[in-house]
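Visitor: The lines below spell out each chain.
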Amino acid sequence: MLTAMVLTSFLAASVLTTTPDATMAREVDVIEALERVETLWLEGKFHDTAEAAAGALELIQISACPLRADAGIVAFIGAVSGHGHSEGWPGGYLFWVANEIHQQFGNLPNGAAELAEAFDSGPGQSVTTDLLFIRSPYRRSDLQSNCADPILDPDILSASPEDADHVYVAFQFPGRPGSFHRSPNRVAYAYPKHEGEALGARVIELDDWHDAGGPIEVRVFSPCAIYPIRSVLYAEVCRDRMIPHP
Amino acid sequence: MLKAFLFATALVLAGTAKAQSQGLPSEIADPYRSYTQAIEAGDMESAREHARQAWQAAERLSYNQETTLVLADNYAQLALRSQEFDEAVRAFKRTSELLAATESDTFTLAQTWMLAAHAALSGGDYRDARRSADIAGDMAQNSDDLDDAQRADLVFTSRAIQAVGHWSDGNMRPAFARAREAMDAGGDTDFSGSPYYGLTTFVLGATHSVLRDSEEAAYWLTVAYHHMPAEQDALYWWSRYSRDQLTEREREALLDRLSTTTLPSVPETDATTARQEAWERRRQLLEQDGFTDAEPLRRNEPQYPSNAAAAGIEGIAVIEFTVNEDGEVEDEQVVMSVPVRDFGEVGERAVRRWRYQPASLKGEPVERPGVTVEFRFTLSD
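Sequences listed follow chains A and B, in order. Read in numbering that gives the first Met the number 0, the first sequence has 55 at position 56, and its numbers run on one by one without any break. Read in numbering that gives the first Met the number 0, the second sequence has 313 at position 314, and its numbers run on one by one without any break.
One or more of the hints may lead you astray.
Chain B stretches covered by chain A per the calculated footprint, using a threshold of three residues with CB under 8 Å from any CB of chain A [as the list claims (entries may be wrong)]:
hint	stretch
1	235-244
2	250-256
For the chain A half of the interface with chain B, some residues (derived, Cβ under 10 Å), not all of them [stated by the list, open to error]:
hint	residue
3	Gly87
4	Ala117
5	Pro122
6	Gly123
7	Gln124
8	Ser125
9	Val126
10	Thr127
11	Asp129
12	Ile133
13	Arg201
14	Pro214
FYI, nobody ran anything at the bench for these hints, they're computed from the structure. Here the structure is a predicted model, which is why all the values come from computation and not from measurement. Ideal Cβ placement from N, Cα and C applies to all residues, glycine included.
Starting from the given sequences, assemble the full structure and let the hints guide the process.
Guide: What follows is the structure, given as C-alpha cells:
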C-alpha cells in the first residue's frame, strides 16, 4: 500500500514537472513539509516519517530551489525511515540524493555519509529507480545552490527519541567480505542514536554473522531483528530483552 | 488492443446474428437458441458447444454465408476463450474465408485473420500463427480502405505475432527483423497499449543481448520489464546485467531515452526487492579498496544442446554463481534460459567445471558471489 502511495505521488510529481511555471511548489509549502518531517522524525514515527519525507522531497524537487541542504537531510531521513517498511521503497534513490547533496554541502555526519554512499544507487543502475531518476533535478549540472536557507539542522540525524517505534542500525564489517563468518566491528549509523548504538554493541558482542554480504549491513529492530549465525540458524536480538534467541 | 477489437467484432456480428435468427431452419435455430440462453446464463462451456452445433448445422445445410460466418465467429470466440486453440483457429479461418467471400471490409477481415494468428500462437502452432499474421499484415499494407491508425495497428500486431512466433521457434534473426518491423510500423504511433508490445520489446531485448549490443539490450529489456509484470523478476535481473556493461555516460543516455518512452509503474515483488538488495551488497563488495575480482583460469564453453541444434533453435542463457575462496564455482543458478530450458541446463553444467583465480581483498582470497555469464547459442547460416 505504501509503495503504491509513494509511486503515485512521485508520478504526480512528474506530471507537475512537465509544467513547472504553473505548478512549482511554493516555498511556504516546502517549509511546512520539512517541519512536519522533523516533528515526526523526532517523535520516532518511522512509517509516517517515511511518507512525509518522500512527499517533502517531491516538493523540493519541483520548487524553485531543489539544490538545497534540506534535500539531502530529508532524503536521508526518507531512506532510513522507509527501510524495511515496504517492498520497493526507493532507498537507493533517496541515498543517492542524500549523497549528491552531501557532496555539495557536506551536511551529513560521518556515519550517515558512509551509509548513504554505500547504499546509493546511481542513475541508470536499476530498472526500479528509472522513473525517479528520469524526473530527478539532481542529474542536472546547472542547478543554483544556496538559493534557500536551511530549515533542518543536521543534528536531528543523531537524535535519540525515547519512544521511537523502530530502531535502525547500520553495522560496519571491516574485514574479509565473502568469508563465511564475519564480525561487525562498529555501528556506522543508528537511529535513535543511543538505543541503536546500545543494541548494535550488544549484537557485535554476541556473534559472528554467517555470510555477511557487504561492508555495511542494516537491521531494523521492530522490536526484534535477526541475523544469520550459521548456514541454517539465526540469532534474534530484541529491544525489550537484549538476549539472543537462536 | 487485441481483446478490445475481439469484443468489438463479436458485438457487430452478434447483432447481425440476432437480426437473422428469425426464420432459421430448426437444425440451426435450436442450438442457436440454446447458445443465446447459455450466454445469458453465463454458462460459457454450454454456449460453446451449442455455438459449435449451430455453426456445423449451417455448414451442413450450406446455409447463407452471412449467417454461417456469424455462427463460425461466435464459436471461434468461445473456443478461444476456453483455450481450445485448434478449434478457434479453424473457426476463425472459416470466418475469414466467408468474410472474404461476402466482400467484407478489409479491417474486419484482417482482424479476423489476426485472431486466427493469435489463437495459433497461443496454441503453440507458431508456423501457422506466422502465416495467418502475414496474411493480415499484407492486407493491411496493400489496402486503400484503412486509415493510418488502423493500418499501423494491424501491421504492428502482424509483425509482432511473427516475431514472437519466430522467437518461440528459436529463429533469432527473423524474430529480430520482425520485431523491428513491428516497432517501425507506424512512425510515431504508440503501440504500448497492445498486448503484444511487451513480448515484442522482450524479443528485441533478448536478440540485442545475443548481438552484444548492451545499450539496445538494456533499453528494450527495461521497456519489457515495465510491460511484462509476470516476468518482472527475471527481467529486473537481466536488464541490470545489461546495464552493468554500460559506462556511466551510456547509462545517463539510457535514462534520457527512457524519459521519452511510455513506462507504466510496476510495483516491485518480494523477489525483485531481494535481488536488488543482493545486487547492492555485491556492488559494495566490488567497490571496496584493495578488492581484486576473481579471474577465470579454465573456462570451457557449453556444448550446443543437441535437441536444440537439430531443431534449429537459437537462444540465450544467463547463469549466476559464486566463486569460492578456492576458485571453485558453487551455488550456480539459471536466471534466464530462452526460448528453451536446454540452454540453461548446458550452461549450468559448463560453469560447474570452471576454475578461477579467487577474488581477493588486500591479498587474502575471499568468496565472490554474483558472478554472471551470458551464453549465446547461435547457428551458422
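Visitor: For every hint, state whether the structure bears it out.
Guide: Hint-by-hint comparison with the structure:
no., hint, verdict
1, 235-244, "holds (count 4)"
2, 250-256, "holds (count 4)"
3, Gly87, "holds (3 Å)"
4, Ala117, "holds (5 Å)"
5, Pro122, "holds (6 Å)"
6, Gly123, "holds (3 Å)"
7, Gln124, "holds (6 Å)"
8, Ser125, "holds (6 Å)"
9, Val126, "holds (5 Å)"
10, Thr127, "holds (6 Å)"
11, Asp129, "holds (6 Å)"
12, Ile133, "holds (4 Å)"
13, Arg201, "violated (23 Å)"
14, Pro214, "holds (5 Å)"
Checked against the numbered hints given earlier, this structure breaks only hint 13.
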